[in-house]
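Residue numbers (our numbering), protein chains in the order written: chain A, 1 to 280; chain B, 1 to 337; chain C, 1 to 522; chain D, 1 to 326.
Source of the hints: derived by calculation from the structure; they are not laboratory data.
We put the beta carbon where it would ideally sit given N, CA and C, even for glycine.
Misleading hints may appear alongside valid ones.
As the list claims (entries may be wrong) - Partial chain C-side listing against chain A, Cβ under 10 Å, derived:
| id | residue |
| --- | --- |
| 1 | SER234 |
| 2 | MET378 |
| 3 | GLN380 |
For reference, the chains in residue letters:
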Amino acid sequence: MIALRRLLRDPVAALGLAIVLFALVVAVFAPWLAPYPEDAFESHIIQRLRPPSAEFPFGTDALGRDILSRVILGTRGALVVAVSVVLAAALIGVPIGLVAGWREGWLSDLLMRVTDVFLAVPQLILALALSQLMRPGLGTAMVALALTYWPFFARTVYAETRRLRVSLFVDALAAIGMPPRRILLAHILPNAAPAIIVRATIGMGFTILTAATLGFLGVGAAPPDPDWGLAVAESRQHLPEAWWFSTFPGLAILLLVLGLNLLGDGLRDVADPRLRRSRG
Amino acid sequence: MAAYVLRRILLALPALFGLVVLSFVLVRIVPGDPAATLAGDAATPQQVEEIRARYGLDRPLAEQLLVHLRQVMTGDFGRSVFSDRPVAEEIGQRLPATLELTFCALAMATVFGVGLGLAAALDHNGPVDHLVRLLSVAGLAVASFWLAILLQLLFAMDLDLLPLRGRIDVELGPPAERTGFFLVDALLEGRRDRFVDALRHLVLPAVTLALPGLATIARFTRSGVLETLQKDFVLYARAAGYGRFRLAAIYVLRNAVTATVTQVGLLFGALISGAVAVEAIFDWPGIGTYAVRAILSADYKALLAVTLVVGVVYAVVNVLVDVAQGLIDPRVADTSE
Amino acid sequence: MKSLRAALAAALLLALPAGAEAQRPLVWGDNLPSSLDPHALFDVPSQLILLNVYDGLYRYVGNPPKLEPWLAASHKVSTDGLTWEFTLKDGAKFHDGSAITGADVAYSFKRLLGMGKGPAGAFRPVLKSENVTAPDARTVRFVLDKPYAPFLAAMPLVAVVNPRAIEPNVKDGDFGAAWLSGADAGSGAYRIDPASYKPRQSLDLQRFADHFLGWSYNARPIQDVRVRPVIETSTRVLALLRGEIDATDGYLPTDQVERVEKNASTRVAKDESMRVFIIRMNNRKPPFDNVDARRCFATAFNYKGFNEVILKGLVIRNPGPNPNGLWGNPAGLRGYEFDLAKAKAHCDKARAAGAPLNREVEIHVQSELEQTVQAAQMFQSDLRKVGINLKVVPNTWPGITGATARPETTPDMWVHWVSTYFVDPENWIGQMYDSQFHGTWKASSWYTNPKVDALLRQARDEPDQARRAPLYEEATRIVVDESADIWVYNTVNLRGLTKRVQGYQFSPVGSGGELRLMSLAN
Amino acid sequence: MAEPAPPTLEVSGLAVEIATDNGLARILDDVALAVAPGEIAGVVGESGCGKSTLVRAVLGILPRGARVPRGAVLFQGADILGDGAAAARGRIGFIPQDPYLSLNPVFRAGDQILEIMRRHAPGRRADHVRRLVDLLRAVQIPEPEAALARYPHQFSGGQRQRLLIAAALSCDPALVVADEPTTALDVTTQREILALLARLARERGLAMLFVTHDFGVVAGLCDSVTVLYAGRVAEAGPVRAVLDEPRHPYARLLLACHPDRATDLAGIPGTVPPATRQPAGCRFHPRCPIAVADCAAAVPPPVAIGGGRRVACPRHDMALPVAELA
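Just need the whole structure built from these sequences, with the hints factored in.
Okay, structure coming up:
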């Protein structure tokens, strides 16, 4: 609660929280909010490429679908992708970071080397290659993104664990004979949690962007999914005449990622009140 | 220092080895059938089998990996399954384009990012600070492919200020190839017109690519400077009479950029990734488009080489970053030996 | 900036030697093939090289395409249809100045068959390397294993290459393939500047003044051509509008046609082609093994909506596998029409017969080709109305064609075009529905009908076109009745051009890329 | 006790306030002290009493947002509070609290000191180097020439403090301000550094403002002492007199709890009030065992009680309850 109040005191962070909450609400109630919820699937070619009007506030796309509805319906997909990718990446990265940070010697070295290997592969290229692994599509793209994002969690948790391992309270716990697993789970993990949460928030923004890029390159979400990146890709050949086609999905990406980043910054400030700062 | 650099290089080697194995395993599971692609549209199944045998694609995977490792050791990346040309040569033709683009973007991101970050920190919680904070967060939030299209439409189509695509004007032609970096080659042959033209072609893609990096660097510099400003030695330096400018621009910045420099290394990976979309839109003939092409046509030799080359470049950049850090902060080089 | 560019242009003019023509070269924005070796592959982009840098014995000219003797002056066929003898024209020269002989032609075919790639597929079943001979300097003789009707029709696929250029560059018995993938061993109207070649990026061509046809038919041929492929479709269109390139590929998106035509300095060349847009169904996989299920799908596609609205009427409805203009099509062939009530009836019938129409059906699209995606989405929307759940799966050409080797891995449905490789029904219905081609992408509907097999094989062995035509007509009727696939339209080739490009002439083979016919207004 | 010469440093009626989120913090109020040439003046107080702010006011590096509503700081007779006073401050040397943190780790130690010298007296680098080597020898750094090229982390803590002392002396100062310069060091090194400071001050006739929380250090080093409590002067006077016979209840309690080494206030009930919520009247009265109602009503002004001593408590001659002294 105190953390929330402190978060709200920073107008920028509060804005971020507001955007993310707004997106959450939109995502949850998307089918009721969208004026034409069936436009997630249905095309009406007679009314294609209509400019914004009272009937279609954001205009229609190349298959005559209401863009407002599709932007609203796309929110859910974007958030689902972001949350599940980051969750999966955390599930891989956090244990690796914990173990590598706690243990000395070859295991730790090996784990961090593997992490480095994954870091050395350009993310998008790995994601593209992996997308071809089973078959292109949102599911594969999500697997690919999780497989490329976990090293960031491993790095973060590794650093935190290393820092906390040498701290006095861990020495004290070890001295009274607490097993390492309990120290890691009950003491180090909660202490590393703020760093993980911040990393996760930023990671969600990042994931949405990368997933959109994959969609843009044609290996992410599959049509007729109302994916924002896909919409921008589809809109390209209608620019600049049908400006509304790319503008609104593009803005939706911008806004949600912006909200997540602002929130991440705010959380970092709360987690680290020594100094109100914002790091990438 | 020399020992430190050597150690950094040696540490990078196992990672590169891991990369070779990892990329091989990943790429060879790609389902697109290179033999079928190679055989062409009108191929019979029997032709496909012959091609499979000729390229060793019918051997067990482990054997293919060994062959691959031996080839990589000798710098032989094989021939592209797709174009039947040496992959090393194809990449050699394309790598400079990507490096020219990414280095320019990196330089742009660093110079402006550090400047903005410093300005923001010195105006902590002031208007400049808020503006830079918002801009840097927005810079990280913009989808580069979207930005690229908007920049094209605005600066090339509407305003007619900058070229739309490519590296150099078709009529002007590329400069005589020495390094493959058009800017450098144009200077070497003393052609100002080509230099200017290559530079104009660089602007839009480099700006698009630089923006997220710029935002990251600005954020890190800002927080680094803020953190450093809290340090006792800054207080001491002020007490001892250091000048304000010298304090901010040299004394504090050098400490503050250590975190930033690490970011520059990590950013390079992101830049190469970003280059994939940016190169495609701006028609930049680099390895980003090459990689996409390789993936789409299941050209696994090319893809393997691209991953490895990018990995090597990434490793080199990060060794350079480590060296830079050692130069900036002498403690780094001392304690890790 | 304009003034700067003008100044640069002026400076460049001054720098040119006196008397040189100051003509901005033609900038060709169409795709480059992945290899410059005309024997290494055969796809749409490679025709740029085949038609401009090389010559064949025969060539398709004009629209509809006519097969004309090219390097050959004439040919003779034995009565059994097995022995073919071609006589060469006099005075034809390769780019190195050496004369083209019968031995060179024979060498070219042996190389083609030896490499066994791309265009070799059309000849390998009937032609052995040792049966290509050159009795004298002006003659080349082929002895086929069995009669093969499309032999002459496939002749333009084969480029005649210069053995004197290739032989010094052969390594490890590779037929010089490594070298020729980036070099020139041709005799065509244009020659390659090897130094300019960067795969998929750039290629410069120069006019070959000594081309065997001479240049009398073109008063102002184009001296220099710069091939500069543009990767992204929309960037390509913008580049054309800005005049950075003079020509797009032949797949200009229909939505861009109006814009290119409105632009003062550009136009769109529209030519009816022979490229059939088709939605495949895997006839081996339920529910597509049920003819009523297939008919249900065929009547649920909104042909009119797609052709007239989305593609703005820039294509022509094509009811069967062969392109409309080709011989071998039955007169008055009626294809399927969009009728959801009928579709429902077909579906009910299929369901009654146990066809699993409730399962999710996958349609694979080539995600870089917007039209395939749009067609699939529209189809998906309409199929929902008859209770069929269609899932769109983005894929790529290699991804799909790699999977068509076996029926289990072949997608339920996929979308593609069948272009003109040679102008013969064999190129379409022959290779698509004869079960002996199962395992190739062309036959990826896994359609099996012994009667159709028999008809198509008979037509293949029959040299006389008048007798072949009814066989193909009969086969077409059966295939259409059984709704083996969904045939949508025949393409109108849409190429964006700057108005300074003149003399552009389209042929379905080569898609209008014959540079020798063009000239540039200043 | 110091000779009645004109003081090198004279602080009078100094008040410093900082606006914070929780309201106005009155860090210093009505602080007065003087340091004569050759005199070592101690300032003692617990954490939060305003010692550091006093140092920063003298050095002209008050934190952002701080303002000085009243008072003056005179250095050799010139006001050095205003912005234009940087030049006048040139001959004030500063020895910071923590030698580990006060040198920038990424620059060579020599360069950092030379930069200070350059700022104070433009001249040839070689001359500065020569002077610096002499100084390093004076503060007993071994191999001074080689030391110039080393980085801070390559020195021990004691050596770093010697470097900082050399830096403070490098501008040929009339006044040296030392802010708890031995706190971060181990006891042996502390003693060496204090001896060095005493010797240097004596040899060079320096005025020194020595800030500490440690009465033991004051006793061994200083000539006079000023005791601060919550931003005000509680008691001031010659060091022997104050230490032997403290008069302010605060000073008495402080020295009584720890007769030998009065290092903290653990023995006094209550805590130092936060600067934003100072009690009215005498700021010590909530914790004072002999406080009466009047103590909360008005601020007791420091009064001279003879012998150069001042005490800010009207009840300074009352006896403390025995229990408090136990």
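Evaluation of the provided hints:
1. SER234: holds (4 Å)
2. MET378: Status holds, d = 5 Å.
3. GLN380: Interface hint status for GLN380 of chain C: holds (6 Å vs cutoff 10 Å).
The earlier numbered hints are all upheld by this structure, with none contradicted.
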